[in-house]
Amino acid sequence: VFFFSDNKVTGTIKDSDKTWPGKVIWSGKIDDPTSILGEGIALDQLPKPLWLTAFEDNSLPRLGTNDLFFSPDKNNQDPVSAPPIISTQTRHIVVPLDLIIPILGILAFWYSKKRVKLEA
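Heads up: the sequence shown at position 10 corresponds to 10 in the working numbering, and the numbers run straight through without jumps.
FYI, nobody ran anything at the bench for these hints, they're computed from the structure.
Fair warning: this is a prediction, and the values are worked out from it, not measured in the lab.
Check before you lean on any hint, since a few could be wrong.
Said to hold, decoys possible - Below are the DSS-like pairs computed for lysine-lysine, each with C-alpha atoms no more than 27 Å apart in a straight line:
{"hint": "1", "residue 1": "Lys23", "residue 2": "Lys48"}
{"hint": "2", "residue 1": "Lys74", "residue 2": "Lys18"}
{"hint": "3", "residue 1": "Lys74", "residue 2": "Lys48"}
{"hint": "4", "residue 1": "Lys114", "residue 2": "Lys29"}
{"hint": "5", "residue 1": "Lys74", "residue 2": "Lys29"}
{"hint": "6", "residue 1": "Lys18", "residue 2": "Lys48"}
{"hint": "7", "residue 1": "Lys74", "residue 2": "Lys23"}
Let the hints inform the model, and build the full structure from the sequences given.
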């Protein structure tokens, strides 16, 4: 769920004793709304400052059919950002031993012949 407002919000389920399990995964001020919303929205109708709160709700099954309401988060207005995604790739280098071993053998043979000639 992506919610645009003028501050950070929290979600609650109407007429329910259970809390909504949605977790804030990103929240922060948006300086350039066209980078997210595109050109198809009237920018003068957006609140100033524009704040995006992104929620993730992985609950299954859903808690019910009641409406979900958003209100300003009175406890915490700090921005939230996701931890960086670190991608590691293992790179295997193939060493063709069937090619290297004969070359090393030829070089060793050549070196031993050269050494025998120098000693003679």
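Hint check results:
1. Lys23 <-> Lys48: Given pair Lys23, Lys48 holds - Cα atoms ~24 Å apart, limit 27 Å.
2. Lys74 <-> Lys18: Roughly 19 Å between the alpha carbons, so the hint for Lys74 and Lys18 holds.
3. Lys74 <-> Lys48: Holds - the C-alpha atoms of Lys48 and Lys74 are around 19 Å apart, at most 27 Å.
4. Lys114 <-> Lys29: 75 Å, violated
5. Lys74 <-> Lys29: 17 Å, holds
6. Lys18 <-> Lys48: 32 Å, violated
7. Lys74 <-> Lys23: With Cα atoms ~16 Å apart, Lys74 and Lys23 stay inside 27 Å; holds.
The earlier numbered hints that this structure contradicts are 4 and 6.
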